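Protein chains: 2
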Amino acid sequence: MVNQRVDIGWQSSKSDSSGVSNSGESSKESSRCSTPVLDADRTDRLRDKMKRRIESGDRWFSLEFFPPRTASGAVNLISRFDRMGSGGPLFIDVTWHPAGDPGSDKETSSMMIASTAVNYCGLESVLHLTCCNQTKEKISAHLNKAKRLGLKNIMALRGDPIGEDWVEEDGGFNYATDLVKHIRCEFDDYFDICVAGYPTGHPEAESYEDDLRHLKEKVDAGAHFIVTQLFFRAETFLKFVKDCRAIGITCPILPGIFPIQGYHSLRQLVKLSKLEVPEEIMQVIEPIKDNDAAIRNYGIHQAVEMCKVLLASGEVPGLHFYTLNREVATMEVLRQLGLWAEDPRRPLPWAVSAHPKRKVEDVRPIFWASRPKSYIYRTQDWDDFPNGRWGNSSSPAFGELTDYYLFYLKSKSPKEALLQMWGEELMSEESVYEVFTNYITSQTNRNGHKVMCLPWNDDPLAPETNLLKDELEKVNRRGVLTINSQPNINGKPSSDPIVGWGPAGGYVFQKAYLEFFTSSENVTALLQVLKKYEPRVNYHIVNVQGRNTTNAHDMQPNAVTWGIFPGREIIQPTVVDPVSFMYWKDEAFALWIEQWAKLYEDESPSRMIIQYIHDNYFLVNLVDNDFPLDSCLWQVIEDMFTLLDSPQETQEE
Amino acid sequence: MVNQRVDIGWQSSKSDSSGVSNSGESSKESSRCSTPVLDADRTDRLRDKMKRRIESGDRWFSLEFFPPRTASGAVNLISRFDRMGSGGPLFIDVTWHPAGDPGSDKETSSMMIASTAVNYCGLESVLHLTCCNQTKEKISAHLNKAKRLGLKNIMALRGDPIGEDWVEEDGGFNYATDLVKHIRCEFDDYFDICVAGYPTGHPEAESYEDDLRHLKEKVDAGAHFIVTQLFFRAETFLKFVKDCRAIGITCPILPGIFPIQGYHSLRQLVKLSKLEVPEEIMQVIEPIKDNDAAIRNYGIHQAVEMCKVLLASGEVPGLHFYTLNREVATMEVLRQLGLWAEDPRRPLPWAVSAHPKRKVEDVRPIFWASRPKSYIYRTQDWDDFPNGRWGNSSSPAFGELTDYYLFYLKSKSPKEALLQMWGEELMSEESVYEVFTNYITSQTNRNGHKVMCLPWNDDPLAPETNLLKDELEKVNRRGVLTINSQPNINGKPSSDPIVGWGPAGGYVFQKAYLEFFTSSENVTALLQVLKKYEPRVNYHIVNVQGRNTTNAHDMQPNAVTWGIFPGREIIQPTVVDPVSFMYWKDEAFALWIEQWAKLYEDESPSRMIIQYIHDNYFLVNLVDNDFPLDSCLWQVIEDMFTLLDSPQETQEE
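For the protein sequence lines, the chains are A and B, in the order given. Using UniProt numbering, the first residue of the first sequence is number 1, and each one after it goes up by one. Using UniProt numbering, the first residue of the second sequence is number 1, and each one after it goes up by one.
Just so you know, these hints were derived from the structure itself, not from any lab. There's no promise every hint is true.
[Unchecked claim] Restricting the straight-line Cα-Cα distance to at most 25 Å, the calculated cross-link-like pairs of lysine-lysine (DSS-like) are:
(1) B:K492 to A:K492
(2) B:K532 to A:K492
(3) A:K532 to B:K492
[Unchecked claim] Chain A regions said to be covered by chain B (calculated; three or more residues, Cβ under 8 Å):
(4) 58-69
(5) 116-123
(6) 186-198
(7) 526-538
(8) 568-577
What you are looking at is a predicted structure, and each value in this text was computed from that prediction instead of being measured. Even for Gly, the Cβ is constructed at its ideal location relative to N, Cα and C.
Just chain A, with the same shape it has in the complex:
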């Protein structure tokens, strides 16, 4: 009986390593730095993520966008990616418009938008690609570029023939099937491939059945899943799925959902896609066609009801939304369906990039905490990314940040708004202190404008920083101009809504960190004061010329955020790295000029004040190593002011 029960035990065993001890692998393998990645989603391919969701019964959604027309449209779209990304789409996709130079390096091209979504917003992304009227070389060039940029998924489409006189070319790309075959032939299994399905048949197909056969060909050629054209009745889609399954199409089929958002956009779409809007919908819409709000509400209602039927059918693993680059309607539909999963938990304290090269990355310098896109941009040429530890101070080889107008690094606010927030006219350094203080307190300034951003922080204060609000206000008022900070944390659960990150059941820790600009007079007093805090406080103090005063031991990095999780090694996602700090200070000082001083006329007093600060202030960072105790950094600043307030003592040294 004993043995029998033991055997039951073995059947539940998750792995059998009986062969391990006979392994004769080379000892070269012995030193291993590769990271156990935090969440499988970072390494899995889109098809595997779908498979896992289908198996577990977790529904998903995905979002379709089209490329913007203007650079400022691109900036807006990218921040929409960030906002809509927080709801947890399984992927987003970006359409391809052959007439719009979609494969170029322009910031509005399909290629660049999809690349930005992957690299800077951390979104699993699908790039559309059409093949009609394109040479094989051109298509391969697009695909190679996409691969280089970290894109892993292609929506393979025929595209609309340009001109009326289009005829099939022998050996050319006449159908999406040709493109699918080409991708699989040239790139083997590298790309996940999506193809389009037409629930009512493609408008140009000879028949619905003929179109289904074409779809089967596309899947057989190597496509991994299907996204359908929009439709207005759940039964249209459900019949389509049934017909697909009947002819042997087994891959996931995602319904394309189009929440009606306005009378005119609906008409235009219907015209382009040659679809018919059902009578029952037209009857509702026609009477309210001039009432935008009513139409939007109806659109949401109609989409929600249809999606409910789809989800209840058991045939729909996920919903694909045609967003028309808007967020309100889609988000509302998803919220009502309970699919909008704004999960406060983060795999790491910083936003993870989705580029496959970066999948092991789990350590970054803290300096770019508020400028993650800049960090990603400046490290995009790295072949490997630090994982496990940052390592010692050899050259981190940061790329130059010469073009301060890279669209994804730009402020989301226009110049006028910035001037309102930061002052049309500065009177003195104190005016600058006031801007910082107003940013911290979220109070309106003397002209009645709230300061919502600073050159170093394009968003309002992080909830975590809010914990430090009172102290931050006090020191900013006196010219300790803070641009980055974190409180100390001594073992909070990883599920903590404000400071938590990483897998469940863990504990997160932080050392208190404070980074600020301040005058040389303050720095002199600070250096005096810091002697009392050795070795508890580590500091780096640098001016724009780059002279660095520090007590860092051997210029080693200092881990300031780490987490302990069940069954894993320690994860330490942020460090204060002395070498990287020198690259950061170039960027941090440059932002004074590029984002602030340049708002004003040359030679204007306002501009000269900012220029003076840029030229004469110091960038300081402080770490309190004694994380279990209350942070002493506020006391350090307090001591600095006390020393400054008692002039006789400052003479001592």
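Using the hints, position chain B against chain A.
What follows is chain B alone, placed relative to chain A:
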């Protein structure tokens, strides 16, 4: 004035990195796993360590040993290394006896003893080497072997000519100078070189002055420091140093200290070294020559008094002791001088090896915690060592441990003592439980013998394990045969005398760990019970055939000891690694047979009991991931017993 004060600040700057941001190094450098080593002593060369000590004014001592004659003498010497190593010698040195095959692989050879000191005891070691009557090829072969084994320091000696008819050879090795030149010529700067100085002149030298000139030649040829022959009066040495300095010898000169330990050993030494014992010493010794204790006491007193004069002179940076392979006298002298620095602080929780290849090593599997020499042996062929993190579960390629009689892996106790401790005759499995229990409680067994070791633990319980004594006793009594455990620790100071390690000002943490053998019946109940503790407890359960039952996520390593220190990255020196566990279980099971069963006759009941346990028991390890809470592992065991005690419940599954 402000600027002036800032300039003062800059002068105290420890590093100026103004050039950093212009660095154009390759991005290949960006992913860096090299470890910031915990203490400079692990990377520095002996000459650098001396330099630092001299600059800081910290005195040091070093210890000279000769190779043992027998294998059991080697075992004793190695444990003496461990004990005397705890006093903090700057280095030890091992003499070279040309007649005794000193460069061979025999466990008693000078080469192997020095290698063991470096690799297994973590001691900075100097290997003596003599050149007289040796071919250049032979000497190069010795040096190459020494380098391969991780030895970094050579004491270059002429050695005694063999036979009376020795004459200088042209181009041969006639003097130590030739050897020094050869080492520098063939190995460039790889070895640190020590040479011998004779405070009263070499007995064969033409004159004291002539001998000093020879010494100068040796130093000029590339020696880094001098150790002197023994002497009996401080003034002898101080005059010698003065004379050395006068002719331009500037390197460190260490006095050779010989605490008189017995009348006969003194006479023999004096005869060999052709030294004269001063009259005032002979007058004291002669009358007490038959009283060993009195002579030893005098020897200690005389050495202490002489060393005090030497140290007070300011000319002596460190003392070199001729130990004659004994420890009491030397340790007593060092204690009285205040130089014996038994420092409870450890750089890492485990004993660090001094092989230069291992200098970055800072992670090991916990399984070998009580058998570090076995771990070092089995990983000696690794080219790199894990640092920062253990990494994911690719093959760690452990070497085979086929020769269970490798002298540094042997029990220090002879067979008779083991039988007294573990039982001349075992009656049942319960007799074995009793042995484990007696080991835990340090109580004498029924035959009046204390159980001081087990096959898996050659030393008494670690102080840390003592913290768990009561619980361990309880479970061992019932057949949960523990071989490794650690309590959970939630942020104790790194200076804690029991669980502390690493640099000052840090905090250390542990997850509770428990490893034991137990019967298959117990394992069945345990697996039942463990379901309640998901995901808090990670487990691995394996039998001798290697079937592994685990809930480890993706077979990732679990960090169970880590430390947070000022200005550094996280250090996590011990992990539970699933893959390594399979190598460890082979060793752990084999120890039942090799160290225990084989004490008994073939086919004897005692042997069959151990064999039964070996064949049928399971090796289990448990980690409680929730380190801030009281360990639940005792409750897990308790629950297992409760389940076993209620038979109707065990049928449930």
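- What are the numbers of the hints the structure violates, in ascending order? Failing hints, ascending: 4, 5, 6.
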